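Peer 1: Using the sequences provided together with the hints, build the complete structure.
Residue numbers (numbering that gives the first Met the number 0), protein chains in the order written: chain P, 0 to 288; chain C, 0 to 273.
No lab work stands behind these hints: they were computed from the structure. Please note that the accuracy of each hint is not assured.
To be verified - Computed cross-link-like contacts, EDC-like style, restricted to lysine to aspartate or glutamate with a CA-CA straight-line distance of at most 20 Å:
#  : chain 1 : residue 1 : chain 2 : residue 2
1  : P       : 203       : P       : 189
2  : P       : 198       : C       : 77
3  : C       : 154       : C       : 31
4  : P       : 198       : C       : 95
5  : C       : 156       : C       : 77
6  : C       : 154       : C       : 77
7  : P       : 203       : C       : 95
8  : C       : 154       : C       : 118
9  : P       : 203       : C       : 77
10 : C       : 154       : C       : 34
11 : P       : 198       : C       : 70
A quick note: this is a predicted structure, and the numbers were derived from the prediction, not measured.
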Amino acid sequence: MSSTSLPVTATPGSPASASHPFRAGFQRWFSRLDWFVLPLAGAVAVLALWYLSSATWAKDLPNPTRTWIASKPYIVEPFAKRGELDQGILRFTWLSLILVAKGYAIALVVGTPLGFLLGISPLFTRALDPIIQVLRPVSPLAWLPLGMILFGGWKGANVSELAALFTIALCAMWPTVLNTAVGVRAIPQDYMNVARVLKLSRWKTLTKVMIPATLPYMFTGFRLSLGIAWLVIVAAEMLTGRPGIGGFLWQQYNALIYEQIILCILTIGLVGFVLDRLMSVVERRFRSV
Amino acid sequence: MSAYAELFNLSKTFPSPQGERVIVRNFNLTIDAGEFVTLIGHSGCGKSTVLSMVAGLSSITAGGLILAGRELTGPGPDRGMVFQSPSLLPWLTAFENVMLGINQVFFTAPLYERQQIAEYYLSVVGLADCMHRRPRELSQGMRQRVGIARAFALKPKMLLLDEPFGMLDALTRYELQGVLLELWRKNRIATLMVTHDVDEALYLSDRVVCMTDGPAAEVGDIVPVHFPRPRDRASVMEHPDYDPLRERLIEFLEIHAHRRPSAVPGERSVALTA
Ligand SMILES: Nc1ncnc2c1ncn2[C@@H]1O[C@H](COP(=O)(O)OP(=O)(O)O)[C@@H](O)[C@H]1O
Ligand SMILES: [Mg+2]
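Peer 2: Put into structure tokens, the structure is as follows:
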């Protein structure tokens, strides 16, 4: 950089006047705004809107202060159990997570092979694609009654849990199915030629070539599926009345106690965010291979 | 010498909107045991098509091929294949890529012997120090070295190379031509290599097969190259026959390749497409 002989030149991308000390200082300050001050300002704005709303047009909505006071016991004693539907917020979250984990596991166990079959066989795709496209947009609220009917006759079974798992698995499965199928179709012909030239058995072709080649796509599907599974949990718990973060929310609403509803919403959002972050870390690991 | 590999009346048509398109028609060629044959021709004339039919990766429309006394159907590890892009599996290390084939072909050998084979061939191509790296940690040239090691390690009856150095810079290309020639000197495998580099063809091969332009490409001319082996680049290029042979090949590519019925006399294509 010949900045001494040509004082006006600036590196491409930054304005020519950036070298001015005051401007530079302002820009440094502004870039700090980016990651801390701006999100804070956003949160404050929403909080203000909340205050304003509860004071004006939404009289039933408890304002942030009342919400905080009523929510505090659930936060400071997050693992307390005072009753079936009166537990600490993390205890509820834990119950919900277990249910989601089970339903999600079913979704992956069923969805991944199904995706592989769709990816490998055009015949299979032609047979199943229309029905998948029709079933995919169906809301969990619609699946749950069907689950209750399906498992209602099972003697001694926990019908509400089975119905909830059925719903979670069915709703969460599709991204895994579709991404896996896309991944299988996207396996480069070169890789398959290696398998053909070496005369790998079907099993070896699957485990040594096709599955590793599809993994990045599969994990994209897994991440999206997890997001949906978590989205569905609330609906599943609401309708079945199971203890958990969604069941708690619904119960409080029915009992006309509105103070903890915002707490539940924030918790659901935070947990979903953390789950997504965790999955994208895993996903990135596989993508970099 | 007897014909070790024989391609007789090999033909290929692809379906197209205007009906069947004949790409290769009645391609006849015999290759002796331990002979190095290169195939040159303009881009798109059907060289890869011929090679992938020999490899068994592409179906044969008509004709057939015999290797070591047997008619070939479908792909198999008896034909080592080196593609233009090395086509290594990116989730395996160089060593594991080579081992995948070795495990398949020498499955009766004990593990340490199989590993020794992989290590030997990777060392010969100059990768002794980085055989446990993944393909993305290797340069383009190093990846192609792995591809060459993988092909030789399976002790194939025949070697098929499709413009293996086409994507490399000149210096790396020279290096790898040396590596290939050295390996081939040690294991005299019958080889069919596609290239569009006339100098590469003359440096490496015993015969150069010139393919006419498509559609319906066939063998146009076969040029024997009898420089003494082992060869080194300098003495090959100083050989009195080098320039005439080179002239002959380039002339073929410039004129005779365009023997379409409607060809305008005097219309010449500009040298070789790279
Ligand atoms: N799968 C295919 N379907 C239809 N046409 C093809 C297919 N593969 C190759 N071709 C055609 O065959 C011709 C020869 O291709 P190719 O053998 O790759 O040429 P080269 O290797 O000599 O450059 C080209 O015109 C190409 O368009
Ligand atoms: Mg080609």
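Peer 1: Taking the hints in turn, state whether each one holds.
Peer 2: Evaluation of the provided hints:
Distance check on the hinted pair: residue 203/P and residue 189/P sit about 16 Å apart at the alpha-carbon level, within 20 Å; holds. In summary, the hint linking residue 198/P to residue 77/C is supported, as the alpha carbons are separated by about 10 Å, within the 20 Å threshold. Taken as a hint, the residue 154/C and residue 31/C pair is honoured in the structure, with Cα atoms around 17 Å apart against an allowance of 20 Å. At roughly 17 Å between alpha-carbon atoms, residue 198/P and residue 95/C fall within 20 Å of each other, so this suggested pair holds.
The suggested pairing of residue 156/C with residue 77/C holds, with an alpha-carbon distance near 5 Å, which does not exceed 20 Å. About 8 Å separates the Cα atoms of residue 154/C and residue 77/C, which keeps this hinted pair within 20 Å; it holds. For the given pair, residue 203/P sits about 14 Å from residue 95/C by alpha-carbon distance, which is consistent with the 20 Å threshold. The hinted pair formed by residue 154/C and residue 118/C meets the criterion: a straight-line CA distance of about 14 Å does not exceed 20 Å.
Note on residue 203/P and residue 77/C: the hinted pairing holds, with a Cα-Cα distance of about 19 Å set against a maximum of 20 Å. A threshold of 20 Å between alpha carbons decides the hint, and for residue 154/C with residue 34/C the separation of about 15 Å falls inside it, so the pair holds. Note on residue 198/P and residue 70/C: the hinted pairing holds, with a Cα-Cα distance of about 17 Å set against a maximum of 20 Å.
Every hint, counting from the list given before, is met by this structure.
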